[in-house]
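Using the sequences and the hints given, assemble the complete structure.
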Amino acid sequence: MKPLWKEAGLTQKEYDLLLQHLGREPNPTETALYGVMWSEHCGYKNTRPLFKNFPTTGPRILQGPGENAGIVDIDDDQVITFKVESHNHPSAIAPFQGAATGVGGIIRDILAMGAKPIGVLNSLHFATPKGKGHTKWLISEVIRGIGDYGNCIGIPTIGGEVRFAETYRGNPLVNAMCVGLMNKSEIQTASAEGPGNSLMIVGNLTGRDGIGGASFASKELDETNQEDRGAVQVGDPFMEKLLIDACLEVFAKDFVVGVQDMGAAGIISSTSETASKAGNGVEIDVSLVPTREAGMSPAEIMISESQERMLLIVKQGREDEVNAIFHKWDLHAVVIGNVTNDGFLRVKEGDVTVAEIPAASLTDAPIICRVGKVPDYLSKTQSFDESSVSLPDDMNATLQKLVSSPNIASRRWVYRQYDHMVQTNTVVRPGGNTGVLRIKGTQKAVTFSTDANGRYCYLNPKEGSKIVIAEAARNHIASGALPIAVTDGLNFGNPEKPEIFYQLEQSILGISEACRVLDTPIISGNASLYNETPDQGAIYPTPVIGMAGLIKNVEHITTKPFKRAGDVVFQVGDFSNEIGASEYLEVIHGKISGDVPKIELALEKRTQDFVLNAIQKSIINSATDIGDGGLAIALTECLYETKFGASIEIPESSYRLDALLFGEAQSRFLLSVAPDNMKTFQSYAEQSNIPISKLGIVNSSGNLRVRYQGESVIEQDVTTLESMNEATFPEMMR
Amino acid sequence: MVAYFGINAMKFGVLNFPGSNCAEDCFHVLDKVVNQPTRYFWHQETNTTDLDAIVVPGGFSYGDYLRPGAIARFAPAMDALKEFVEKGKLVIGICNGFQILTEAGLLPGSLIKNKSVKFLCQDQTIRVENAKTPFTQKFHKHELLMTPIAHNEGNYYIDDEGLAELEAHHQIIFRYASQDGTVDDSTNPNGSVSNIAGICNKSFNVLGMMPHPERNAESLLGNAQGIKVFESMILSFTNSGN
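Chains V and Z supply the protein sequences, listed in that same order.
Whatever position you read off the first sequence (first residue = 1), add 17 for our numbering.
Whatever position you read off the second sequence (first residue = 1), add 7 for our numbering.
Calculated directly from the structure, the hints in this document are not laboratory data.
Each hint should be verified, as a subset may be incorrect.
[Claimed, not checked] Sample of chain V residues at the chain Z side, in silico, Cβ under 8 Å:
{"no.": "1", "residue": "Ile-456"}
{"no.": "2", "residue": "Lys-457"}
{"no.": "3", "residue": "Val-571"}
[To be verified] Heads up, simulated BS3-like pairs for lysine-lysine below, C-alpha to C-alpha not over 25 Å straight-line:
{"no.": "4", "chain 1": "V", "residue 1": "Lys-133", "chain 2": "V", "residue 2": "Lys-569"}
{"no.": "5", "chain 1": "V", "residue 1": "Lys-457", "chain 2": "Z", "residue 2": "Lys-209"}
{"no.": "6", "chain 1": "V", "residue 1": "Lys-133", "chain 2": "Z", "residue 2": "Lys-39"}
Note that the Cβ used here is the ideal one computed from N, Cα and C, for glycine as well.
Spelled out as structure tokens, the structure:
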């Protein structure tokens, strides 16, 4: 028989260390507690050494990684807090509940900071559905789960992405991000201060759902996982709505000294984390925990991941007042223990002590230092010869195929299932460059986005990851916002494999470098490793980047669609001859190969500063970045939902026509400028030493016309393109 | 009447059930956009004497358990609301509020699952069918407004007899339409009988509507056409000599 510590997921080395911490053999309860707390999901033992590379400080950053979420100053004594988190494995086997509780969990992280949640976003990665099979069910259940939860609690789903690649067939990615707003004075910390203060559990009852969820998330998916369905939690958004309202009411009083949400590993992680942060101990009596079912063992109570619960550390003597507020919302708030000064996490069942562990040892999972190895596939993909790809005969047909391809098609079918307007702050809705929220009572707005590009990061983990950051920042710039901070969701395969570790390490180095140059520190994040299946192996390395931006004056909010016939269309940045790793290469030529486009971060930063300044000078009528599908796709997106057309002439060059139209050369924007402002814009570009090209004119023809070297290369009716772009999702999901 | 709001200020109550997640949005519009004295009216309260109008906001009262509005109608505040209506005062139910008012019998018909069986959140053109009510007098007949909808159960159902009665008494206030004002199946987002988006009771002091006028009450959020619903209510209060 396997020893208990092995069952709990510990290695021999880890077990030896555990013995040192305790100075004795652990009992079964203690072994179980170490098992979950030292899992990758809770302990970040593979990733912590790499996180040291991240830039995490800056003049606006009030809290970096280490709390439930980071905090960014947005002036006027206001702050925002946000974080992205994965719920991949639960969503793979129980997509509705998995996605719903992913949303619920990240909202509680934001609530635990003391903030009112003002928006949620997501990043979803699937394989394209084949017929009526499993994948289609999975996609529609994940989307329904996200919608059901967010809609019911009244937090708008203001943005997100759905991307498709075969690599996610057995292991979809479901990442959720939440954003909160508060005054500086309202910030809470996850710290169990003040021996004698009470630990109160508030919200839902504790049941057997989600037992071992954290350990389940820390291994590869295989056919036995269907048996792990008990490790998936069950969500109740109404309960969460009450929890939010009650917590915010309690936080407004001076009763609470510390807050922690109960996510992965429930009571054990929330109590040990708050205790070790304060350098204190805690004593918990499990018989006081209100449970949903009888006969739960102490270990089950301690590691249950039942949803909609929070831990409050309440000032001694204030417990009744806290309970009264929760009672008003039909919730309970129960004292389950208290803060001590001996540094131990002591679990009792009535008078019997069932576990006694140094609290700090639980939250300090032993680090594993690994060494990466360059994956074999890279030498093949990097030597891909772009000249072997022949030019399509018909660029019109190519464009049509691209606008209706799953990664470029309109996501309206998805986001109309999400309430994206509740709270009445959403100025720019899903489908735009970013989700833009005004802040009531001020002139400010904040912008949020999630971005990932698994294919780029697969074909070049470091440079691809840089591009994901740069592309995210461009979306904010195009919205008129200064990008201010980042949260990262690192979705990778099994880090015990050197090739996967290489991807992880390189990706983190790329993210770090880009965030440093673009001045967007990382304030929070999450790592989801072991995203592998026996059939397909590891997923693409997929860092999901959640980014926030700040607009000081709502007058500067800028959107994608062209605004007026007669406006002049400019490209900011240079064309290139690159088609490697592009959407075009995959969709049109069926090739996932080549290197990612070249990115030069210093130029990227200068270009972004230039565009933002131009927007703030009020000389830009519309803006978008040029990304997936290149210039041609960016043009179509500026024409959708308008009655306009555009007449475009691509400047003479030595580059391939497909690279000019569909290539994804970096550091580019597509802007429209009123004729009266054209001179100002051009001279400002010259002063700033930023390359721009005048491409053409917005007109009222309703047609997109693109000419190159005196010949028409694209001539398309916008309505036709738009209906193709809109039709893909409804047809795919029918 | 509250002096600093000016003469004839109308005091609004925003009925707040657990889960009424649009209560704050309505409060904001009443308080900050149309500048009327406003307070929350908690679901366990019964005293309405200080109020001139009550908004039953959208959301998921009691989590929409059982079915939307089914539990809310038993709240103590609902008896007070019924008396309030009997006194002829104005009540507007928006989205979940509309569902609650039909469940409580203050409005005829019921709201069932959208024909698509999916939650639907989008801008939607609606057409004013009756501009002579306390809720619509600032509109003109057949005026079109683009007002967001966001619901899972917005499919208004009433039998033929009930529909004939609604029509005979001009109780249909809003219909779903296209941007050029056409009302037909292609402009019906959720399968509602006769494209009905909003109705009044026979005394025209209770309006229920699925679209959210509080979401298009400020031009920054798209358009400010919805504000006229609240302005109409205030005008009718002013005209009634208060």
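*asked:* If you test the structure against every hint from before, which numbers come out violated?
replied: Checked against the structure, the hints that fail are numbers 1 and 5, while the rest are satisfied.
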